[in-house]
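Asker: Here the protein sequences come in this chain order: U and P. End of the first sequence sits at 114 in this note's numbering; the numbers just go up one at a time, nothing left out. End of the second sequence sits at 114 in this note's numbering; the numbers just go up one at a time, nothing left out.
Hints were generated in silico from the structure; no laboratory data involved. Some hints here could point you the wrong way.
Said to hold, decoys possible - Derived Cβ-Cβ restraints for the label pairs, each shown as a range: (1) H18(P) to Q14(U): 29 to 37 Å; (2) N113(U) to Q41(P): 25 to 33 Å; (3) Q41(P) to N57(U): 20 to 28 Å; (4) H18(P) to K54(U): 19 to 27 Å; (5) R17(U) to H18(P): 47 to 55 Å; (6) G3(P) to R61(U): 20 to 28 Å; (7) E53(P) to I18(U): 43 to 51 Å; (8) K54(U) to Q17(P): 43 to 51 Å.
Stated by the list, open to error - Facing chain U, from chain P, some residues (calculated, C-beta under 8 Å): (9) G28; (10) Q41; (11) G42; (12) F60; (13) Y103.
Cβ coordinates follow ideal geometry from the N, Cα and C atoms, glycine included.
So the chains spell out like this:
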Amino acid sequence: DQQVKQNSPSLSVQEGRISILNCDYTNSMFDYFLWYKKYPAEGPTFLISISSIKDKNEDGRFTVFLNKSAKHLSLHIVPSQPGDSAVYFCAASALETSGSRLTFGEGTQLTVNP
Amino acid sequence: DAGVTQSPTHLIKTRGQHVTLRCSPISGHKSVSWYQQVLGQGPQFIFQYYEKEERGRGNFPDRFSARQFPNYSSELNVNALLLGDSALYLCASSFGGGYLYGYTFGSGTRLTVV
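Construct all of the structure, not just a fragment, from the sequences and the given hints.
Answerer: Encoded structure:
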């Protein structure tokens, strides 16, 4: 049962434009959501998180939007840079039922073209 | 300041053998989690330890075990290796719960079972 899904395996955008990465979830008990970036041969790097009591969180070029009714979140990167090219993972935790373990999506490969 | 360090970085084992993977968390971090990432998928939760006690276990067989030492370093042990255990094993640490501020991941141990 895939509780966190990233339906787009890949995304390609031009440098300077907006990158939008999407994530859907099924478990209504999820209360924290995180985005990680992963380069080859490295571990995932934490980017940004959002609590379920919020609908938006912003950190520099990165903004995460949460739509609880649709069980959907998205990561916006503006402006996109070639160094942003990596695999992006959406992750979620349900503190009350599962503690702080993270459930990850399958990842989206973002390519930013110069 | 050193990040999360994992050893070894690569390992090749034969089916039926035993393997021990090691992780040293960031200084001051008391929580260590282990994840398995199979090629093309997101990381999957195996174990979490906090203050040397198991705080969570994922859906993995009893062949998988772990422990955390007084210095907060951790070992992941896998017995009776199967071909399907071939994966990248990631260790992540956090000061407390990593659900909001993110876990810091190591670069992983690439295990190949032949």
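Asker: With reference to the structure, classify each hint as holding or not holding.
Answerer: Hints, one by one, checked against the model:
no.	hint	result
1	H18(P) to Q14(U): 29 to 37 Å	violated (50 Å)
2	N113(U) to Q41(P): 25 to 33 Å	holds (26 Å)
3	Q41(P) to N57(U): 20 to 28 Å	holds (26 Å)
4	H18(P) to K54(U): 19 to 27 Å	violated (45 Å)
5	R17(U) to H18(P): 47 to 55 Å	holds (50 Å)
6	G3(P) to R61(U): 20 to 28 Å	holds (23 Å)
7	E53(P) to I18(U): 43 to 51 Å	holds (44 Å)
8	K54(U) to Q17(P): 43 to 51 Å	holds (47 Å)
9	G28	violated (17 Å)
10	Q41	holds (6 Å)
11	G42	holds (3 Å)
12	F60	violated (12 Å)
13	Y103	holds (7 Å)
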